[in-house]
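Could you build the full structure based on these sequences and the hints that come with them?
In order, the protein sequence lines correspond to chains X and B. With the working numbering, the residue at position 196 of the first sequence is 196, and numbering never jumps. With the working numbering, the residue at position 86 of the second sequence is 86, and numbering never jumps.
By construction, these hints were calculated from the structure, which means they are not laboratory data. If you're wondering where the values come from, they're calculated on a predicted model, not measured in any experiment. Note that CB positions come from ideal geometry on N, CA and C, so glycine has one too. It is possible that part of the hints are untrue.
Simulated restraints, written as ranges between beta carbons of each label pair [as the list claims (entries may be wrong)]:
1. E153(X) - H250(B): 50 to 58 angstroms
2. A142(B) - G138(X): 27 to 35 angstroms
3. G205(X) - G102(B): 47 to 55 angstroms
4. N82(X) - H250(B): 37 to 45 angstroms
Derived BS3-like pairs: lysine-lysine, alpha-carbon spacing no greater than 27 angstroms straight-line [what the hints assert, rightly or not]:
5. K105(X) - K151(X)
6. K172(X) - K245(B)
7. K245(B) - K202(X)
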Amino acid sequence: MSDEEDDIILSELNDDDLVAQMFDDLYDGLKEEIEEGVDILLERGWAPYDVLTKALVGGMTIVGNDFRDGILFVPEVLLAANAMKGGMAILKPLLAETGAPRVGKMVIGTVKGDIHDIGKNLVGMMMEGAGFEVVDLGINNAVEAYMDAIKSEEADILGMSALLTTTMPYMKVVIDTMIEEGIRDDYTILVGGAPLNDEFGKAIGADAYCRDAAVAVETAKMFMDRKHNQLAG
Amino acid sequence: MSNALSRLMSSRDWLLADGATGTTLFNMGLQSGDAPEFWNVDHTDRITALYQGAVDAGSDLFLTNTFGGNAARLKLHDGQSRVFELNKAGAEIGREVADKAGRDVIVAGSVGPTGEIMEPMGALTHASAVEMFHEQAEGLKAGGADIVWVETISAAEEFKAAAEAFALADMPWCGTMSFDTAGRTMMGLTSAEMVKLVGKLPNAPIAFGANCGVGSSDLLRTVKGFVDAGPTAPLISKGNAGIPKYVEGHIHYDGTPELMADYACLARDLGATIIGGCCGTTPDHLRAMRAALETRPKEDMPTLDAITAALGGFSSESDGTDGAGPTRAPRRGRRRA
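Next comes the structure, spelled out in structure tokens:
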């Protein structure tokens, strides 16, 4: 291979080729290259919201699909998400300044007694990758922590994660409390974690069980679309 | 052959391991979110009953109630300073039950994952993982465990750290990983890759294999993957009794004792030596598994079709060992050097 083929100068690529290259670089988890790509697109006059949705979200969608399909696994997705975060750090203040449309806000956390946060972190990162605002409560959350956060953050979505059969029933405690307080229907509730399944999600009264981070993003988008339709109607 | 497990294995074609710990403790009143390991001190009668249930059902080996007994996990319950105490206590109760069994029963000190991601993807260093596993192994050793048994691991790095820690504690060991994501571990490791990993460890396990994961058919596909890759140590098969369902405030697994009996015989026919259950596997399941292993003659190695015909379909088409799994769409950009 010649040197010319080996060296990719991002700034010499046209917009289409640059975005295609950024998709690949996200896939390969190359943070510095993604940051450079974001800067170049901004310099070329792209709106921050377009950089987010067309370059970053587009690339993370491919990563999410391949994760869902068993082509990529957790280590590769963590790397990709880390690269995306680099780009997001540049875009975040600009998005706020330009008043870009709000996709939705999610409060997410692992339930009481459970310290597993790998899956939950992946969901959080993929949701951010899809343009959602994410408030991460971390691990070991009691019902009070969830209740406080969804109210004070004015969240659209509550995401709960559990990786143990010993902790997954706690999700129902949280949902039951929301029902008691009469606020259950104000939120979309998504649940996930290795030992869960659809049937469990339904049995505890969640809106959906999400098998993985990619499905969580798709499901969240679907519920936000429905909500917007209802408001419009 | 200085350890009790190797001695027992040399005289038997198969050993029956135990079933579920979490499921059983829930049925005894463990509350969602509480640390089961505290019961090794606070409710010794219940932990005795947990172990006794497996022994009475015919288990030749049982795992101690110490799965979450490392500092990273116990920290959640503010119990990080009690690692040695809780592991020792869990093993001591096991020792007592095993010694009264009237036959050889192995006490295997359970060591679960730290729950953290190791470097370079995460923050957990190799040194601190080794330190945590070592601390736990010393507690289990002091309590009289015959061996230590690391289980439900998904990362090769964490498995290696455990092996290193067990060498430091001078404890013979077994290890199982959990293959729950398209036939691989969460971190993408295939069954064949685990065989390679085990073959390279300086401190080889007595036996290795798979536990938990999706259902019993997936588990056996993983065992077949081990066999096809030429394992250098005996194989362990510990599958869940079906999949979890939520019924009236409790988790129930839908696999029947009859199904787990079929699973146990298929595991043996595939070439597994240590056969048990995982989540949802009660003493009733274990009794059925024991009876089947004792009465049904060993048969030829089952095909994947025979496994799905007996136990149900796989969760994914490929498990990554057959080269037939899904692959990435072509790149649009140019490849970097």
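Hint-by-hint comparison with the structure:
1. With their beta carbons about 32 angstroms apart, E153(X) and H250(B) fall outside the hinted range of 50 to 58 angstroms.
2. In this structure the hint that A142(B) and G138(X) lie 27 to 35 angstroms apart at CB holds, the actual value being about 33 angstroms.
3. Judged by the Cβ atoms, the range 47 to 55 angstroms given for G205(X) and G102(B) holds: they are separated by roughly 49 angstroms.
4. Roughly 39 angstroms separates the CB atoms of N82(X) and H250(B), a value that falls within the hinted 37 to 45 angstroms.
5. The suggested pairing of K105(X) with K151(X) holds, with an alpha-carbon distance near 12 angstroms, which does not exceed 27 angstroms.
6. With a C-alpha separation of about 14 angstroms, the suggested pair K172(X) and K245(B) falls inside the 27 angstroms cut-off, and the hint holds.
7. Proposed proximity of K245(B) and K202(X) is supported: the alpha carbons are some 11 angstroms apart, at most 27 angstroms.
Comparing the model with each numbered hint stated earlier shows that hint 1 is the single one that does not hold.
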